[in-house]
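Read off the chains here:
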Amino acid sequence: MTLGLLAQAGDGVAPIDTPGVAWSALSPILVLIGGAIVLLVVGALAPRRSRIGWHAMLTVAVAGGTIAAVVPLWDRVHDDGPYSAVASAVGVDGFSLFVTVVIAVAVAIAALLTDGYLRREGLEGPEPYVLMLLSAAGAVMMASANDLIVMFLGLEIMSIAVYVLAGLHLRRRRSGEAAVKYFVLGSFSSAFFLYGVALVYGATGSTNLVRIARFLAANTLADQGLLIAGFALLLVGFGFKVAAVPFHSWTPDVYQGSPSPIVAFMASGVKAGGFAGLLRVFVATFGTYRLDWQPVVYGIAVLSLVVGAVLAVVQTDVKRMLAYSSINHAGFILIGVQAATDEGVTAALFYLAAYTFMVAGAFGVVTVVGRRGDGHHHLDDYQGLARRQPLLALVFAIFLLAQAGVPLTSGFLAKFYVVEAAIEARSFWLALVAMVSAVVSAFLYLRIVLVMYAGAGDGADTDPAAGRPRLAVPAAAAIALVVAVAATIGIGLVPDPLTRTARDATPELVAASD
Amino acid sequence: MGQYLPILMLLVLAVVFAALSFFASRLLAPRRPTAAKSAPYECGIVPSREPPERFPVRFYLIAMIFIVFDIEIIFLYPYAVIHRELGGFGLVEMAVFVVAVFAAFVYLIANGALDWGPVKHLRRVDPRVSTSRTAATTVRRVGLEGREPETGEAA
Amino acid sequence: MLVSSGLVSSGLVSFVLGQVGRASSDVPLLTAAVVLPAVGAIATALVSRRRPESARMVATLFSVATGVVTVAVLVAFETGEADFQLVEKYTWIRDLDVAWHLGVDGISLFLVVMTGVLFPIAMFGGAPHHDAKSFYAWLLLLEAGCIGVFLALDLFLFFVMFEIVLVPMYFLISGWGYANRRYAAMKFFLYTMLGSAFMLVGLVATAVLHARGSGGDLTFNVLTIANDQGSIAPMTARWLFLSFAIAFAVKVPLFPVHTWLPDAHTEAPTAGSVILAGVMLKLGTYGFLRYGLFLFPEASAWFAPAMVTLGVIGIIYGAVVATMQRDLKRLVAYSSIAHLGFIALGTFAITTQGLQGSVIQMVNHGLSTGGLFLLVGMIYERRHTREIAQLKGLQASAPIMAGVFTLVMLSSIGLPGLNGFVGEFLILLGSFLTRRWWAVVAATGVILAALYLLWAYQRVFHGEPDEDNAGFAEMSFREGMVMAPLVALIVFLGVYPKPVLDRIEPSVAALVAHVEDGSDFVEPSVAEAGTDAREETFAEAEAAEEGSGGEGGEDGEGGEGG
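Protein chains in written order, with this note's numbering: chain A, 1 to 514; chain B, 1 to 155; chain C, 1 to 562.
Hints are computed from structural coordinates only; laboratory data are not their basis. Worth double-checking, as some hints may not be accurate.
As the list claims (entries may be wrong) - Some but not every residue of chain B turned toward chain A, in silico, with C-beta under 7 Å:
id, residue
1, E85
2, L86
3, F89
4, A103
5, V106
6, Y107
7, G112
8, A113
To be verified - Label pairs and their calculated CB-CB ranges:
id, chain 1, residue 1, chain 2, residue 2, range
9, A, S187, B, F66, 22 to 30 Å
10, C, D95, A, G299, 25 to 33 Å
11, A, T316, C, H384, 48 to 56 Å
12, B, F66, A, D75, 44 to 52 Å
13, A, D380, C, A484, 56 to 64 Å
14, A, D380, C, R49, 20 to 28 Å
15, A, V184, B, L11, 29 to 37 Å
16, A, G375, B, L11, 21 to 29 Å
17, B, Q3, A, D317, 39 to 47 Å
Stated by the list, open to error - Facing chain A, according to a computed beta carbon distance under 8 Å, are these residues of chain C, among others:
id, residue
18, V64
19, A65
20, L190
21, V208
Computed from a prediction, not measured in an experiment: that's the story for all the values here. C-beta atoms are modelled at their ideal positions from N, C-alpha and C, and glycine is treated no differently.
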């Protein structure tokens, strides 16, 4: 694979030792970035508005290409075991590939939702898709990073693109506010992360996760202060990205202000990237020091569960509600992290995969209901939706009930696996807190459902929303919603394939053979 | 500690040099201020009022694009020095880098980032900014005001 | 009526039917019983919105077919066997060893049949006023969930079914209920889900700790876990039992967590109330039997005093509060709390008679309270009020309805000769053996039941009708047809419960033996239990058995005593 042939042309110079680049190992990232660049150039040269949404179609194709690129890698990992490439900077294991697919799916769904949104708002252009693809590339990089520096790069690529996406809607003041808020707080957290990387480097002498893990397994540190401080700072950085309490304060504002289809991506793809990094760094690398960080993650999980559920209840804006509920869901996934076992990782991955469909679908419906201007997100705007558009209401109800954890949906199994992982790790109380918080947040989901189905029994004359126009569901968004519903119900009924895949996808740190 | 000493020395030297020049000019330079001298310099036109605080965003855009290419050059120079040692790896790396920058450049051109005309030529319109205000109108207004006789009292 | 024909048949007829049942045992009857209504729900949902009549027809077809399947289960059921029968098992989630594992024994058999019978009746008796399609679709989904709970032999499957029933019921109450329906629906959902939250944790912990204790793989198979007592430490098992008990106590509901019930029952549409009272409350009591006594025998015996106390409090509290109600439907709702208290008492007496009584009382309560809700629904249809004070002298214009009401009410009170007596008598008898004073207090509950129901009856049906109630319409033929099977079953079970008790008895006896094995609890034998008074009761019972057939209640008990 090494393209070092040209180096021999130079006579008399000592060649610098350059790493071999296993292009195949990077292919998912390359497909994403390459797709983004192609889309950028072609999109700039072609007319901005077109009848067919080829921007979105191309984005979906790139996402599909990413998944296609994963397949041979998955086979190879399955047959020969995980390996790492580019001087141990990038790891290819079941874990990174699984998360890559999740992120690609999130991109595809978000792109389908974005198409109709941009047309409705008169904002057509390739930029949102390009940024989404780049952000996804960053998230994939985080998932497969075997080096803290690479992970930081991934984090920044992912985040900066999303900062811009948050401010996509030029005419909405809230959109700009969201972008600025997200940017300022996000860069703050990145700084924390970077400082954490520095401290961990100071304590262990390496930024490479393989070497750090080996070092920590082989040596006992006389003074752990530096390392523990590094843990704390890294946790702040990750905690911000996954919207865990107490690093969650940006979430409601940003989710509320950002364009709805972008939020679908934020809540699924970005969160998946954040959790992938968290699992990789803490569970896989710092596993030997789990007794030091587990209590902290435990506390963060409890806080996220409780705060997310309780604060969601008092909201009246549906987007804010879903934002808080996403904090609650982050708490659930953190339970899997806290367990720090293979079961925990499997549960977290299953949860991420299931949640991607649920939350992307939910924000898809929010996108449609938001109407022109993306401003109709109050609970009242959902009044009587079941009467006007029963199918849309049913779809939303399915997503909400799935998030509440009703059986025969993916949400139930996701919660089930997480609880199982917690109990395997003997965290009975955490499991209990989680389930009770699920009941509290069920109240919130039911509130929305109730509002949608309100007025069904009151007779036609009392319909408060009788005069409202029929909501247009763009074809692309309809496809996305159908896919999300099918996945939510399908995973709920036949979880075996996903479970088995998630079981195969535990992170393993392997040094490069070259 | 010894290995960092040169860096520290350089730092100290830089600070000392800056401070030295500053104070030297204060002490040594002759000082005969006039109104015209203390006015801000605007291409030889006598300013009639406070200079505008906001420049059209176009200026910043150009500056940013310039910086991007500046950085590209900064990367290209060292590469040029050791391209033999880096071999094929370096070539591919630079190609990737240049392609990325070039794609961005194409995008910029296509979106009219370097068009220097009225805004209507641009494809994206931000309605929060008045459409009547362009780089051209801004420049013209300043120029006309400078030539108006009743404001020439400063001269 | 199909049930009654299946039960009446004796000798040759039952033999023939048994052969038919055995022949059909190749057919996955139990899966059919669960899947058929679910398919029906989807089929109903696909019918055009503009044709409510065809939706109604499809739904009826499927619910009647399900009823027929449950009766076929009854026919195929082998009398005298304690074990699970007609067991079906298909792997569902491999790595958790979760299976679609269904089976029926004497305890669940009649609950399934009752569910199969009660749903078509509820559908006929509580037709919705709008949006018939969704109404029937939800109702059928509810039926699938309820039957699934009774048949599940897998913890995971059980929980799925236990939880899934919440969704249709939630939509039924919030969509087709009365004025305060949203509040009631939300309260119902959250209460039950909170209970389930505890159960889910307990359920997973049970499976995980069992796997750890036994050194085997993770499994959710109820039989495996229940028959492998000792893999979970007794102290832990008590905590686990508690987590299950909270869920069931909410569902039953037992005294401190019952407050959702009056609201939900009162605000639900008639069909919803019938199903809520008739079937869904039994999910809790059945849960106590299968996932309390069976799964955690030691813990159940340990917690028995507390549970029995809660049951008795429920009996007295429900009766007292029912007496004070001004709303007829609310009165019936509170009477449910009292009746369910009896069932809890019988269950945690842990005697063969008590358990037998509990199981049959679950069926009885479904029939009689379901019937009462249907009748209250009929009264509401005519008068658009349920206030007892506004109803007066209905007997004058609707004697047949008054007659039916009297019969169903007397069954609910527990008049000998009607089904309610059999259950209450067995429960009191069974609990007297182990919990004498509780049984004594509970017996006063029977008297209170007579008080509040007869008083309500008197106020509503007796006297001279005022002008509002003068035009009260008599029961229509359709309504009569809805009530007829219930009335027939009430009388039949009261007069001749032997076939039912025969099928229940082996499973219940095996359950008691299971509890004895798993704990230091010993079931007191009736003969050696002691005082003169009790011996007298026992002698009476035996005498009655020799008389055979007359007073049904003693009959079944006598079979046990001999």
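Hints versus structure:
1. E85: 5 Å, holds
2. L86: 6 Å, holds
3. F89: 4 Å, holds
4. A103: 5 Å, holds
5. V106: Check passed: Cβ of V106/B comes within 5 Å of chain A, closer than 7 Å.
6. Y107: 4 Å, holds
7. G112: 10 Å, violated
8. A113: Check failed: Cβ of A113/B comes no nearer than 10 Å to chain A, outside 7 Å.
9. S187/A x F66/B: 22 to 30 Å: This hint holds: roughly 24 Å between Cβ atoms.
10. D95/C x G299/A: 25 to 33 Å: Holds - the Cβ-Cβ distance for D95/C and G299/A, about 30 Å, lies within 25 to 33 Å.
11. T316/A x H384/C: 48 to 56 Å: 35 Å, violated
12. F66/B x D75/A: 44 to 52 Å: 48 Å, holds
13. D380/A x A484/C: 56 to 64 Å: Since D380/A and A484/C have Cβ atoms about 48 Å apart, the given range 56 to 64 Å is violated.
14. D380/A x R49/C: 20 to 28 Å: 25 Å, holds
15. V184/A x L11/B: 29 to 37 Å: 30 Å, holds
16. G375/A x L11/B: 21 to 29 Å: 53 Å, violated
17. Q3/B x D317/A: 39 to 47 Å: About 57 Å separates the Cβ atoms of Q3/B and D317/A, which means 39 to 47 Å is violated.
18. V64: Check failed: Cβ of V64/C comes no nearer than 25 Å to chain A, outside 8 Å.
19. A65: 22 Å, violated
20. L190: 6 Å, holds
21. V208: Holds, because the Cβ-Cβ distance from V208/C to chain A comes to roughly 5 Å (cut-off 8 Å).
Comparing the model with each numbered hint stated earlier shows that hints 7, 8, 11, 13, 16, 17, 18 and 19 do not hold.
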